[in-house]
Structure formats: structure tokens, C-alpha cells
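Participant: Here's the letter readout for the chains.
Number of protein chains: 2
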Amino acid sequence: MNERSANYELLTPVSFLERTARVYPDKDAIVNGDRRHTYGEFHNRVHRLAQGLKNAGIHKGDKVAVICANTPHMLEAHFAVPLIGAVLVPVNFRLTASEVAYILNHSRSKAVFVDNEFADLVKPKIHEIPDLRFSVNICDIDDSTPLDGMEYEAFLAGASDEPVVCDVDDERGVISINYTSGTTGKPKGVMCHHRGAYLNALGEALEFSINYESVYLWTLPMFHCNGWCFPWTVTAVGATHVCLRRATPEEIFRLIQKENVTHMCGAPTVLITMTSFPGARDVKLKRKLSVITAAAPPAPTVIENIEDLGAEVEHVYGLTEVYGPHSICANQIAWKDLPAEERARLKARQGVPYVTAQFMEVVDPESMNPVPWDGETLGEIVMRGNNVMLGYYRQDEATEEAFKGGWFHSGDLAVVHPDGYVEIRDRAKDIIISGGENISSVEVERVIYRHPDVLEAAIIGVPHEKWGEVPKAFIVVKPGTNPSEQDIIAFCRERLARFKVPKSVEFGDLPKTATGKVMKNELRNREWAGRDKKVN
Amino acid sequence: MNERSANYELLTPVSFLERTARVYPDKDAIVNGDRRHTYGEFHNRVHRLAQGLKNAGIHKGDKVAVICANTPHMLEAHFAVPLIGAVLVPVNFRLTASEVAYILNHSRSKAVFVDNEFADLVKPKIHEIPDLRFSVNICDIDDSTPLDGMEYEAFLAGASDEPVVCDVDDERGVISINYTSGTTGKPKGVMCHHRGAYLNALGEALEFSINYESVYLWTLPMFHCNGWCFPWTVTAVGATHVCLRRATPEEIFRLIQKENVTHMCGAPTVLITMTSFPGARDVKLKRKLSVITAAAPPAPTVIENIEDLGAEVEHVYGLTEVYGPHSICANQIAWKDLPAEERARLKARQGVPYVTAQFMEVVDPESMNPVPWDGETLGEIVMRGNNVMLGYYRQDEATEEAFKGGWFHSGDLAVVHPDGYVEIRDRAKDIIISGGENISSVEVERVIYRHPDVLEAAIIGVPHEKWGEVPKAFIVVKPGTNPSEQDIIAFCRERLARFKVPKSVEFGDLPKTATGKVMKNELRNREWAGRDKKVN
Numbered sequence: 043m044n045e046r047s048a049n050y051e052l053l054t055p056v057s058f059l060e061r062t063a064r065v066y067p068d069k070d071a072i073v074n075g076d077r078r079h080t081y082g083e084f085h086n087r088v089h090r091l092a093q094g095l096k097n098a099g100i101h102k103g104d105k106v107a108v109i110c111a112n113t114p115h116m117l118e119a120h121f122a123v124p125l126i127g128a129v130l131v132p133v134n135f136r137l138t139a140s141e142v143a144y145i146l147n148h149s150r151s152k153a154v155f156v157d158n159e160f161a162d163l164v165k166p167k168i169h170e171i172p173d174l175r176f177s178v179n180i181c182d183i184d185d186s187t188p189l190d191g192m193e194y195e196a197f198l199a200g201a202s203d204e205p206v207v208c209d210v211d212d213e214r215g216v217i218s219i220n221y222t223s224g225t226t227g228k229p230k231g232v233m234c235h236h237r238g239a240y241l242n243a244l245g246e247a248l249e250f251s252i253n254y255e256s257v258y259l260w261t262l263p264m265f266h267c268n269g270w271c272f273p274w275t276v277t278a279v280g281a282t283h284v285c286l287r288r289a290t291p292e293e294i295f296r297l298i299q300k301e302n303v304t305h306m307c308g309a310p311t312v313l314i315t316m317t318s319f320p321g322a323r324d325v326k327l328k329r330k331l332s333v334i335t336a337a338a339p340p341a342p343t344v345i346e347n348i349e350d351l352g353a354e355v356e357h358v359y360g361l362t363e364v365y366g367p368h369s370i371c372a373n374q375i376a377w378k379d380l381p382a383e384e385r386a387r388l389k390a391r392q393g394v395p396y397v398t399a400q401f402m403e404v405v406d407p408e409s410m411n412p413v414p415w416d417g418e419t420l421g422e423i424v425m426r427g428n429n430v431m432l433g434y435y436r437q438d439e440a441t442e443e444a445f446k447g448g449w450f451h452s453g454d455l456a457v458v459h460p461d462g463y464v465e466i467r468d469r470a471k472d473i474i475i476s477g478g479e480n481i482s483s484v485e486v487e488r489v490i491y492r493h494p495d496v497l498e499a500a501i502i503g504v505p506h507e508k509w510g511e512v513p514k515a516f517i518v519v520k521p522g523t524n525p526s527e528q529d530i531i532a533f534c535r536e537r538l539a540r541f542k543v544p545k546s547v548e549f550g551d552l553p554k555t556a557t558g559k560v561m562k563n564e565l566r567n568r569e570w571a572g573r574d575k576k577v578n
Numbered sequence: 043m044n045e046r047s048a049n050y051e052l053l054t055p056v057s058f059l060e061r062t063a064r065v066y067p068d069k070d071a072i073v074n075g076d077r078r079h080t081y082g083e084f085h086n087r088v089h090r091l092a093q094g095l096k097n098a099g100i101h102k103g104d105k106v107a108v109i110c111a112n113t114p115h116m117l118e119a120h121f122a123v124p125l126i127g128a129v130l131v132p133v134n135f136r137l138t139a140s141e142v143a144y145i146l147n148h149s150r151s152k153a154v155f156v157d158n159e160f161a162d163l164v165k166p167k168i169h170e171i172p173d174l175r176f177s178v179n180i181c182d183i184d185d186s187t188p189l190d191g192m193e194y195e196a197f198l199a200g201a202s203d204e205p206v207v208c209d210v211d212d213e214r215g216v217i218s219i220n221y222t223s224g225t226t227g228k229p230k231g232v233m234c235h236h237r238g239a240y241l242n243a244l245g246e247a248l249e250f251s252i253n254y255e256s257v258y259l260w261t262l263p264m265f266h267c268n269g270w271c272f273p274w275t276v277t278a279v280g281a282t283h284v285c286l287r288r289a290t291p292e293e294i295f296r297l298i299q300k301e302n303v304t305h306m307c308g309a310p311t312v313l314i315t316m317t318s319f320p321g322a323r324d325v326k327l328k329r330k331l332s333v334i335t336a337a338a339p340p341a342p343t344v345i346e347n348i349e350d351l352g353a354e355v356e357h358v359y360g361l362t363e364v365y366g367p368h369s370i371c372a373n374q375i376a377w378k379d380l381p382a383e384e385r386a387r388l389k390a391r392q393g394v395p396y397v398t399a400q401f402m403e404v405v406d407p408e409s410m411n412p413v414p415w416d417g418e419t420l421g422e423i424v425m426r427g428n429n430v431m432l433g434y435y436r437q438d439e440a441t442e443e444a445f446k447g448g449w450f451h452s453g454d455l456a457v458v459h460p461d462g463y464v465e466i467r468d469r470a471k472d473i474i475i476s477g478g479e480n481i482s483s484v485e486v487e488r489v490i491y492r493h494p495d496v497l498e499a500a501i502i503g504v505p506h507e508k509w510g511e512v513p514k515a516f517i518v519v520k521p522g523t524n525p526s527e528q529d530i531i532a533f534c535r536e537r538l539a540r541f542k543v544p545k546s547v548e549f550g551d552l553p554k555t556a557t558g559k560v561m562k563n564e565l566r567n568r569e570w571a572g573r574d575k576k577v578n
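As given, the protein sequences belong to chains A and B, one line each in that order. In the numbering used here, each number is its position in the first sequence, counted from 1, plus 42. In the numbering used here, each number is its position in the second sequence, counted from 1, plus 42.
One chain only, chain A, in its complex shape (with noise of 0.2 Å):
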């Protein structure tokens, strides 16, 4: 029955492109700098890409990987290989020679396209890859060709541009695998599908209400879920993706001026990094600026510092087996009239579903039952959905212990508060047990970045003779101040219970993902060397 016929077709994001360069052919798709393409140039380079695979031999279900900055080529890719049944494997650029090698080689990647930018990470290994079949050179800066293999523009022009029919055959096919940035141990693929890429797509679409006239800045890197579906989500609407290779401040606001930007995505690290530029107060925005935030837990003076410039503040909350966002701080009518403190307040919390995600509860781990609606119960975060991954690449086991009871579990604590939004309180691994008390990290953080001299923090639990574990805080401070640390603990005195008080705090830079999130891990390992807790 669920054959494709007048009334059932499958569910891809790969459609959306068909749609829009028949809507609009002649409308911007991607701008890259001085480079536009139109949805109709868009449409024959995704078809001339799919036909060069096809040629090279790529067939259903072979794994395609990208290495790639946020360019037209990543986009490109998104369409091109799901178009003829194949497998993305977006692979994240910040990572060491070795970590790329195991990713193309535990997906067992036959081509692979690489920004020259990258080549390095690719090609001293490149030998070790033994079902690599070959590789494209992506020149987007210079033209250099580093690896073996064609240009990536002689690739698209040696292919015809007759249109490739769809080969999907199951929406719960597999459209990509998404490589963990994985703060410790292997990193793991999550196998994304159809089905959840072209309702996720949607769901972006409806939350943000981005239509036609959006204007969509790349931020968010694309190699990190799919850029959280938004290569297909700008697309299906007709929108206009405009690229960026850096996400340095300079860039981002002029391109926000230039291209009169109404969305982007980023984690907090991000928005800190735009509100602490000397030039943010200068900026003038024409249209209504969206900016849509997740990873980290937000401080809300971050949500405030950005409302500051002019621009409203979307907080999402997901994971990469969840294709990206999960969950919205979904606006409530009522919220318009607090002050901004206090709103800021309330969007900081991870909220509730996705129209299109629909399943997310706070849970006891152990017996599945839901935790009361109180604000201060702790439990699991665990979600349901057409948008939670198929499983684990070639991990059963992994799979298993996510999926336990039914619901997959995201390892973050959470409470749920009286009107239903969920509050993360914790990743599970960075909570802090001092003296049998539960420490919420990001508590203390949260006090912490109402510090007028701090631009950054994190908090781990230190070793301890008496109490275990104790708080203590790594900070990095506003360029011109110098807060000591007396000082930042005397501000946490005043505002937290004394158990939950850092005791001590070291000042300087933090180690960070790709994705921008503090990896704590780093942290901890350096601070428990030779002990033996259980470092995850």
C-alpha cells in the first residue's frame, strides 16, 4: 500500500528543492560572499552533483562524506545525496586526522568531498581508508587541488544536467549519519531518516515562521545535524541561505546589514561573542533579527544582552539524535509585559515540544514515571517522535542502552515547572555530589554570569578530602576588568546557598566543541588526574 501513487508519497526533504525552483526560479538561494545562485542554478548544480555520483559509481545507500565549511557546496550535498538514495556523513572540520579517519572509515564513506581548507585533515590518512573510492577537492578559497581527485566545479561540469528521478524507496530510509562531536570516547553516527529530516524541516519552518521573504545567515555550521535541518527547512520555503565560513562578529553583522538577515542559529558562545563586540551597539537593524539559540543552557543575561541590539531570542533545546531542536521556549502572550530580567528569565528554560516533535517528559530513570510538575524534582529528560534517530551506526548496543524503556533518553536532568516548561538542571555527568548534595552546574553559572566582569564560566566538581567533590569556577573575564578571586566568590556568597559556593576559581580561557559547548570533560580530567573518579 505505501507505494508511491496519486495519494501516498514518500516523505523527503529532497522534494522541497523540486518545489521551490519551480516557485522560484529566478529568487536568490545562496549567497557566498560576492557568489549568488538562484533556486534555478541551485536546482541544476544539485541535479549535475547527484549525476556526477551516479557516474562515479556512488549507488542506494553508499555513504557520501563532506568536509566542509558553510558554503553552497555543504547545501549542495544535502540535496544531491539523498536525491539518489545515498547516505550524507557531514563531517566536522574541527576535529584531528585521526577522528576523521575512524569516521570515514567506521561509515564506511566511498567518496569524499573536502574543502581545500581541510584537505590536511584527510589526506596524511588517506590510505587508511580502504573502502574510500575517491575524493573531491572543494575550492571555495583558492584553487588548489590537495587530494587526488577532481575540482569539485570540473565534477559538476563533467556530469549532464538531465534531472535524476528520486531514488527514495522508504521514508525511513536513512538520509545522513550524524558523527557525534562526542566530548570523550568514539563518536558515535546517528542515523537520521526521510521522514524526521522533512518534518523537522517543517517544524523549523512553523516555530520560526520563516517564509519566502526570510533571509537565513549561516551561523550554526552545517557539519553539526545537518545545520539542525535548516539546509532543508530555508529551502522548502524559498528563502535565502546566505553563507559564512567564519562566524566572527565583523562577519556576522555585516552580514546581518547587508543581506537584511532575519534568522540564525547559534549556540550562547556565539551570542556572547556578538554582544561583547566593541561595534554591536552600532548596528542597525532593518528587519526583525531572530536569533535562535541552543547547546548550552543559556544565561538569561545572555537572552537580555541580545535582546539589547534589537533582536528577539528563540531558545531551542535538542540533541543530534533528535535531528537538532526538540523543544522551544514557545513565547506565551503574557510574557510581553514582564520585564525584560524577568523574561529573560523564563526563555532560559528548554520548554516544550515542537508542534511536529510532540513527545518530551521529564522521567524517574529508573521506574519511567514522569516527575511532578513542582520546579524542583529531578529526572531524566526523554524524548519521542517521528525525529529521534533510527539508532546508532553500527552500534547495537549503544542503541539499546538509548532506547531503554521506550523513549530515547537525552542524559540531561531537568525539572519541569508548574506551567509544563522543562528546566534543564544538568547534564547527568556534570551534576555535583558534594557531601551527598546534588550541586546544579549550571545554577551556579547562571549566578555567576550576573558577575558584571564575566564573560564566560563554567563549574566542575573538584576533588575534596571532606565533602568528595566541591564547586569551583573557571572563568573567562571582560577584556579591561579584573575581578579577583575573592571577589567573584564573595558575589556567589550573596546569592547562593553556601555548599553550592565555588571554592576556588581559575581565571583564563575554556576548552570548547566544535559546537561551542564547554567541554567540561577536559576540565575534569585535568582536575582529577591520577584519582580515580569516574571520568565520562
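The hints are simulated quantities; they were obtained by calculation from the structure and are not laboratory data. It is possible that some hints are incorrect.
Note that identical chains are pooled: a pair holds if it fits in a single copy or bridges any two copies.
Stated by the list, open to error - Distance condition first, Cα-Cα at most 25 Å in a straight line; then the derived DSS-like pairs of lysine-lysine:
1. Lys471 / Lys326
2. Lys69 / Lys378
3. Lys554 / Lys102
4. Lys300 / Lys378
5. Lys471 / Lys520
6. Lys471 / Lys508
A quick note: this is a predicted structure, and the numbers were derived from the prediction, not measured.
Place chain B on chain A using the hints.
Facilitator: Okay, now just chain B, sitting in the frame of chain A:
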């Protein structure tokens, strides 16, 4: 594999209410005169209704008919009936008692909910409907209970408010059977399914940017293809439903102002009623109002007049067989700079498929080959996608006929313009063949609509000795005007090829279906009485 699990959830619009009741429990869901229901109350009432149906012996797959105005009861039925896996049969209250009995019998409805205003449609024939087990009286305007059986509120009060677990086990299972208001012949029962309704409902929200701040006015009858899925759309995003028993211009304008309406749907006849209302010019719109119109192709003049009121017209096209709209005349940024008349002309076209509808072509119905995009070659509009009906209930032959060649056949004749936008020239049966030349009745009507004294117009072919048939105009004039037959003919002569000019004009009212379509067959029957022209 496709059983509910952590990563698979059936697509059903029933799920929307569950999510919205969680996120916006205290927000206005439904306004009905002075009464207002929050989403919490709406949810509670839906679950009571579902429990009541179960208690009364309604099982999965059973049909439940509803004959009711645009009141909260009809919204509740759109969720409660499918929630228990039963099938909703909304019945047009403008039919005759015999037609209603035919539908109740043909659908094998086990229960019928009837607004007491329409009890006379059911009562005389109720003993001729053997499958019917019980009826429920809906007392929206008075307390009378003309039918045997309970009163609606008592039916709800008697049921527990224990939440009902959604009992749908196939997303392509039937959610409703919608009988077409067919201008001739027996009505046909269009079977819609959960997946199609879910996707179409999201599609509406996406195309018209409907969100939690939107307010939707119920000018379109809910019995008409489930109100184009808007009971589910408006609920999905947590917007507010404003009920409307009788779509008079006074009530429409009063509610637009009182409730700050942002969206409404209606046939061009509703738009004409609005723009010809004397008080229309005094209306102050505090918020942007989108008027979504379809059914008969609207004359550009009608679009211009509505825009003069400060509202925006969105023009869509579809049929009951595709759950309401399938295509939209999608706006292009460049149109904004065009003169109003030119823009209205472009927007009067049927356009391009919805993002979620995907496929609409104009083909030669014999070869099924697409016509060239030349704005001239006539073909039939055919559709495919998840929002195409499963078929006609218990009418296999008609179903097969509708799906010839693997597409749904609309019966509408159209051209495709060079920009890919489809424009209807006529219903296949409304085309006039005069001396071997095709005349589009729609083309002639559009010219006549530009005459300053014309309120409404319909053109049909009437018998003629020499030419076989010739066009005749039926015209409703604007109040206070008195054009002559010769005025109209002279006006057309200046603007149309001679063979297309109506040879005669008749002034008076036009016969219409419940959804505002002019019943041209009735005009034709009159003119062709005793002749052997095949009248469909």
C-alpha cells in the same frame, strides 16, 4: 517496523490538541458569542466527548455524522471522533432531508449529532436509517431537543474526563468521509486519512504564517471538507477559533474588529458580500487580516476590492478530494511594486502546489503529457500527493475513474503560464463550444466583473441554431444600478473577440451551492429543457 515506538509516531491531527493543551492551557481556544473555552477546557470537553462515544458503543471504524453550524461542537467532533479511531461524517446543513438521509445511510453512520436548528433535516426520515443507533441534540441557540436522544452537554457531563488514549493504528486510516456538495447526481463520499489531514493542516499554517498569536474567523463552513483542515491547523499552533453561525457581513465585520481577527477563508461570494456591505469602508483593521479565498476563480476586481479594505487576499485552489486547497497563488517579492490591478490579475491565478501538496500538473487528459508553459494550451489539472483522498467510499468505479493514469483528475481545465503558475480556464463541463471554437466562461465572466454595475456574473452556453451554442450572461447588479442588456453586451464587445461576447443577458439572483459555487447546471437545465445537450 511502523508501529509506534521511540522513533515512530503516527501522523494524526488529533495529536495537535494534546500538545497545545499542554503549552497553552489557559489561552482562548474557542470564542462562541459570549462564551469562551480555553485550550484546557477544549481538551477536557474533547476527551469527555470521546468517552461518551465509547460508552455509547461507538467503536474504531464506526461512522459518526454531525450536522451543525460553525460552533464549538463541530470543532470538538473533529478531535473526539478520530481520537477513538472512529470516522467523522460532517453533513452539509443546506441539503434536503432526502439528501441527508442518503448520506447517513450511504455512510452507515451509527450516530448523528444535530444542531436543533437543523433537526428537521433528520427527524422526518430518521426511521429510514437502519444503521443509526442514537442521536444527540446540539443546543447552541435554544434548549429544545427535537430528536430522541440526549442533549449534547448532558452527553458530555455523563462521561468521565479520564483522558482517552488515541486509538489510531494506521496513519492512512480514514479520519473522515466528506460528501461532496455535488451540483448533480448523488453526493460522493471522499475518504480522507490521518496522515493527509496532519500534513495539510501543517501546510496551511506554513503558507499563511498562522501562529499562536493568530485569530481565525470561521466564515468557511466546517462541514465543507473539514473546513479545509483549519480545525486542526488553528489548534496545532495554539491560535484562537472564532465561531460564526451565520456569515453575514455585519457579523463578519463586528467579529473582525472585536476579536482582532487575522485570518479567515471564504468563497469569492463571501468576499463580494463583504465588499458590497455599506459599512465596509468604516472598518478599522488593527491587525493584518489575511483573507484566503478559493472555490470559484475570483475575478481580479474582487481581489482589488478586498485589498482596498486593507486586507490581504491569498488565493488558493483545491477540491474536497484533496482536503481543501492544494495550490496557492504564491506571492513573489517583485509583485509588490506592480499596480494593484496587475497584481490582482496575477493573484487571480490558481498558482503552484503547496509545499506539503507537492504535485499539480496540467496535462492532456488522453496522453497524460504536460501541456507547454505557454499560457494558452488547455489541459486538465491533475494532482498527486499525501493530501489526495483515498477514494470515494463504496464507489469503486468512480474512484477508479478519478485516478486514471495514476493521478487524481480535477475536471478543471487550465493553462500553465510561462512562470509555471496554473490558471483555470473552466470546469470541463462549463466550457462553451460555439461554432467549433472553445469559449472559457471564466474569461467572459472576468470581463463582465469589470463593469461598474456588476456584483456577480455567470456565463453558460445556450442553444443556438447556427453555432450549436452561444454564451449567455446571468448577472446580479449592484444595489441602485440598472444596466441594460445592451450596456453589458457593448462593454464586452470592446474587450472580447466577437464570438465570445454574450448574445443575451438575464438579470436576477444566481442559484448557489452551500459553499458559494454558482450552480451552472441549474441554469443550463433551464435553458436546455427539452433539448438533447448532455447536461452534467
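Participant: Does each hint hold? Answer for all of them.
Facilitator: For each hint, the structure was consulted:
no.	hint	verdict
1	Lys471 / Lys326	neither (42 Å within a copy, 57 Å between copies)
2	Lys69 / Lys378	between (35 Å within a copy, 15 Å between copies)
3	Lys554 / Lys102	neither (36 Å within a copy, 54 Å between copies)
4	Lys300 / Lys378	between (30 Å within a copy, 21 Å between copies)
5	Lys471 / Lys520	neither (28 Å within a copy, 75 Å between copies)
6	Lys471 / Lys508	within (21 Å within a copy, 90 Å between copies)
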